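Asks: Spelled out, the chains give:
Protein chains: 4
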Amino acid sequence: MCRWLAYNGSRVRLSDVLYTPVNSLIDQSLHSKYGAETTNGDGFGVGWYGTAPTPGVFRSVEPAWNDQNLRELCHHVSSPLFIAHVRAAIGSSVQQTNCHPFRHGDWLWAHNGFIDEFASIKRDLVLAVDESLFPEIKGQTDTEVLFYLALTFGLEHDPVDAVASAIGFVEACGRRRGIKYPFQGTIATSDGENLWAFRYSSEGKSRSLFFTRDVARLREQYPEREILHQVSDDTRLVVSEPIGDLPGAWYEMPESSCGVVARGNDELMPFAPKPPQQLT
Amino acid sequence: MCRWLAYNGSRVRLSDVLYTPVNSLIDQSLHSKYGAETTNGDGFGVGWYGTAPTPGVFRSVEPAWNDQNLRELCHHVSSPLFIAHVRAAIGSSVQQTNCHPFRHGDWLWAHNGFIDEFASIKRDLVLAVDESLFPEIKGQTDTEVLFYLALTFGLEHDPVDAVASAIGFVEACGRRRGIKYPFQGTIATSDGENLWAFRYSSEGKSRSLFFTRDVARLREQYPEREILHQVSDDTRLVVSEPIGDLPGAWYEMPESSCGVVARGNDELMPFAPKPPQQLT
Amino acid sequence: MCRWLAYNGSRVRLSDVLYTPVNSLIDQSLHSKYGAETTNGDGFGVGWYGTAPTPGVFRSVEPAWNDQNLRELCHHVSSPLFIAHVRAAIGSSVQQTNCHPFRHGDWLWAHNGFIDEFASIKRDLVLAVDESLFPEIKGQTDTEVLFYLALTFGLEHDPVDAVASAIGFVEACGRRRGIKYPFQGTIATSDGENLWAFRYSSEGKSRSLFFTRDVARLREQYPEREILHQVSDDTRLVVSEPIGDLPGAWYEMPESSCGVVARGNDELMPFAPKPPQQLT
Amino acid sequence: MCRWLAYNGSRVRLSDVLYTPVNSLIDQSLHSKYGAETTNGDGFGVGWYGTAPTPGVFRSVEPAWNDQNLRELCHHVSSPLFIAHVRAAIGSSVQQTNCHPFRHGDWLWAHNGFIDEFASIKRDLVLAVDESLFPEIKGQTDTEVLFYLALTFGLEHDPVDAVASAIGFVEACGRRRGIKYPFQGTIATSDGENLWAFRYSSEGKSRSLFFTRDVARLREQYPEREILHQVSDDTRLVVSEPIGDLPGAWYEMPESSCGVVARGNDELMPFAPKPPQQLT
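Residue numbers (our numbering), protein chains in the order written: chain G, 133 to 412; chain H, 133 to 412; chain X, 133 to 412; chain A, 133 to 412.
No wet-lab data here; the hints were simulated from the structure. A couple of the hints might just be wrong.
Coverage of chain A stretches by chain H, computed from C-beta distances (three or more under 8 Å per stretch; other residues unrestricted) [stated by the list, open to error]:
(1) 171 to 177
(2) 192 to 202
Here are the simulated DSSO-like cross-link-like pairs (lysine-lysine), alpha carbons at most 30 Å apart as the crow flies [unchecked claim]:
(3) G:K270 x H:K312
(4) X:K406 x X:K312
(5) X:K254 x A:K165
(6) A:K270 x X:K254
Quantities reported herein were computed from a predicted structural model and do not represent experimental measurements. Backbone N, C-alpha and C define an ideal beta-carbon position, used for all residues, glycine too.
Turn these sequences into a full structure, and let the hints guide you.
Replies: Printed below as a string of structure tokens:
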């Protein structure tokens with residue numbers, strides 16, 4: 133049910149992260165090991181912060197494993213901060229406007245999971261999106277609606293609070309319609325400076341999420357790995373499923389938690405949705 | 133700004149109507165003569181009534197002129213009633229879910245034109261769609277929203293009244309937001325028995341629309357044309373722009389009119405939008 | 133490494149064979165059980181004999197499991213004889229001209245397998261294709277070149293002999309270049325009347341191939357299955373991998389064999405390549 | 133019949149050249165003024181020299197005017213040397229492997245025009261391609277075969293001589309088959325340092341080709357144009373059809389000529405095909 137990867141650290145060529153490692157995200161598009169679905173062939177996307185004022189986004193409906201243009205782009209673009217996503221569609225069409233990451237101004241947003249029985253509460257959710265943001269919704273997915281809800285609830289000012297409010301609102305709407313576990317998933321979002329990662333599900337059995345331990349320690353453990361000498365100490369990867377072949381390189385993010393990757397000021401904290409006052 | 137063609141009459145191979153004639157709809161996808169845009173290369177679609185319980189719909193984002201699968205399909209499928217459409221996108225993405233014709237149950241729907249400043253009133257329009265129909269909206273276009281408004285207003289029971297109510301509602305919403313001429317366009321819709329065609333614009337300068345004169349008279353005028361001997365007397369074509377090379381074969385549909393092609397009971401009547409009571 | 137299905141018998145809707153059964157070919161595009169690759173998401177195709185003079189062919193580069201147009205087509209087209217194929221690309225591009233089945237006049241051709249080290253002997257093979265056929269080669273695949281070799285060696289007159297000569301030629305060219313096992317695979321081909329299926333590999337470990345036992349016996353065994361009462365006694369399916377849920381319905385085709393499905397005159401015989409005289 | 137643009141000079145964002153100017157190449161994809169066809173909607177490509185060892189190539193079968201990924205790429209990639217192409221297919225399929233520019237090692241190659249009756253001489257031409265290069269031919273186009281012929285005749289060592297030999301060979305093969313005017317077109321090719329442009333046709337009525345006069349003079353004439361102050365004196369554009377709105381900015385390249393854009397050592401010289409010795 134989708135896999136994503138988020139990187140924040142030293143500037144690298146995208147291909148060094150997305151193609152080179154063992155069990156890379158591109159490999160996972162064809163054969164994921166941990167995913168609810170093993171094939172993520174219903175499109176992909178990568179959003180990166182580069183030299184232009186707003187982040188670039190490249191999305192396609194083709195399976196990532198065979199997309200020649202993605203390969204070319206990743207070999208020619210380097211970035212200090214990017215989010216990539218491979219998709220297994222559930223319910224919505226395979227079209228570019230349904231591919232992650234989504235973008236609004238400086239912000240990128242990707243998600244692995246779902247809003248349960250989305251069709252039955254989509255109207256309620258869409259109505260809560262700020263009127264000025266409404267026309268920007270271009271696709272059909274639960275993820276994009278969640279993004280615009282988070283923006284409505286203040287993502288650009290207080291990301292953690294906004295995501296908590298958005299998921300809280302989804303849960304309230306869902307439960308009002310008798311849905312037991314309205315939300316499931318992991319989220320990556322960024323403003324080009326920091327990277328936020330969330331792991332939460334109403335059921336308490338969330339999709340997997342991992343992040344790298346600090347590079348200095350990894351460098352001690354694997355002194356022969358050149359890539360570890362190239363990247364800065366504060367470089368960090370967050371992924372749905374580990375990539376590469378370095379045992380001990382990954383921590384699993386706990387249930388109901390949220391992490392901020394902030395170039396030296398990383399933080400991991402508990403996360404809980406914030407129920408809307410008027411609906412509870 | 134799109135071209136469409138609707139056929140009701142004797143069963144024919146789709147290719148005999150869509151490919152064979154001079155200035156066919158497929159030719160118009162590349163070089164339209166009358167259209168606001170001369171190239172309609174942003175996707176196409178054809179919906180046909182065949183042997184299955186519901187109409188078939190084939191839609192693609194490729195330019196119609198070069199689509200090999202469309203060519204194959206049209207050579208192998210025959211139908212007594214079908215609607216085809218070539219698209220010039222204005223504002224919305226080139227994706228399959230934005231291609232006409234749209235389908236709901238037995239109904240097909242295609243449109244050439246636009247709702248002016250759609251982004252600014254889309255929310256108002258979408259909110260008026262019946263809650264049970266809301267989850268079926270899959271794309272971004274004004275045309276699809278208009279279709280679901282017409283369904284909300286009773287398309288399946290009284291098509292002319294429902295389209296009048298839908299356009300009336302669009303005009304009321306638009307004018308409330310200061311839009312001078314909210315609606316422009318021609319519409320084709322069918323339930324598999326009859327075919328309805330509408331020509332109307334708030335400005336009174338509507339997109340062109342033509343229909344064929346009766347086949348018996350054409351046969352007298354062009355006795356050497358074999359195709360005219362193959363089709364029944366009550367066969368009729370309605371098109372955005374004339375196809376073929378038979379002078380005298382086409383009538384222009386008047387401004388603000390509506391036609392029903394009903395296999396022998398054809399009717400042409402004036403058309404006016406029906407303003408909503410609560411909004412006027 | 134691709135999966136294919138060939139049907140010859142009573143006229144049926146394509147969807148009844150391609151979508152309805154358990155573990156259908158469309159399911160196998162996402163999760164094949166027996167294939168060398170488990171995902172066949174690099175395009176698909178279906179060729180069918182219908183009412184038009186030549187067979188129809190619908191091919192697409194999208195994964196079959198999510199292709200809405202394929203679904204529509206299969207629900208609206210019925211045929212007594214068709215070949216469908218889902219593809220896992222190995223080495224060649226994901227493009228429509230590389231999708232099976234290939235067509236020449238009345239003939240269709242699909243293949244599961246490969247010519248080993250094709251790049252190194254492609255030139256030799258292409259040079260042996262009849263000059264009049266050469267311009268028809270449109271894609272990059274080994275399968276298409278093998279088809280044109282078989283046509284060059286007389287496919288239209290003596291299919292079994294022509295396929296034996298084509299594979300024999302491939303083996304001779306390959307071995308001259310030091311390739312140990314030049315050919316691997318199963319082939320389906322038809323002229324619209326009969327259906328030929330081949331299972332052969334230079335190594336003697338061929339891709340799997342199965343065919344249905346006679347319908348009369350199946351009907352006795354599964355009297356409650358309605359589909360078995362609908363199809364004629366001489367209906368037969370040949371598949372890379374069994375579909376449906378009827379134990380005892382399938383025979384495995386032996387190594388190095390060839391079958392003709394000829395509506396009542398079915399035949400299974402040994403198959404061996406025919407080495408070219410000038411090259412041995 | 134295609135339009136191309138080649139740029140050599142100061143490093144610029146691709147979008148500043150491909151999107152910003154009036155009548156830009158992307159505009160020409162929808163409405164070309166000079167072309168034999170007015171719509172170039174059958175795919176596009178851009179090849180650029182950047183920071184990676186080999187040039188990047190991004191090619192797509194969608195019309196360029198609506199391709200969101202091309203837009204993103206061009207806003208985020210800058211380059212001192214690039215070739216872009218929009219395509220109107222004649223005879224060959226709309227597929228990525230038929231899109232220009234073609235790439236071999238450091239070399240890029242694009243073409244506007246055609247080899248007349250290509251199908252009838254394709255085999256002769258393909259046979260003349262060096263055996264080691266043969267497996268690299270991936271598409272169906274005359275342009276790609278011409279590129280591999282030029283490589284066979286020494287493009288990497290003496291580009292002007294190699295192109296003269298390749299076109300000479302095409303003319304000899306064509307005339308042997310009774311083709312009056314075997315070659316038509318303009319060609320752009322580069323090794324990442326220099327840019328070569330050719331204008332030639334067997335008939336002496338070649339497709340149009342233009343290049344910019346020197347920047348210093350343009351700066352005097354249009355002192356208020358900021359872009360002219362940003363680019364270096366030795367920057368030059370070569371285009372099928374002028375872009376922008378600066379009268380006096382363009383020279384038409386003469387019939388049967390060849391130009392080298394070499395960052396300060398530009399040269400314009402007569403061009404004539406070189407007939408093969410063995411065929412004349």
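Asks: The structure should be examined with respect to each hint, and the outcome stated for every one.
Replies: Status of each hint after checking the structure:
no.	hint	verdict
1	171 to 177	holds (count 3)
2	192 to 202	holds (count 5)
3	G:K270 x H:K312	26 Å, holds
4	X:K406 x X:K312	17 Å, holds
5	X:K254 x A:K165	42 Å, violated
6	A:K270 x X:K254	12 Å, holds
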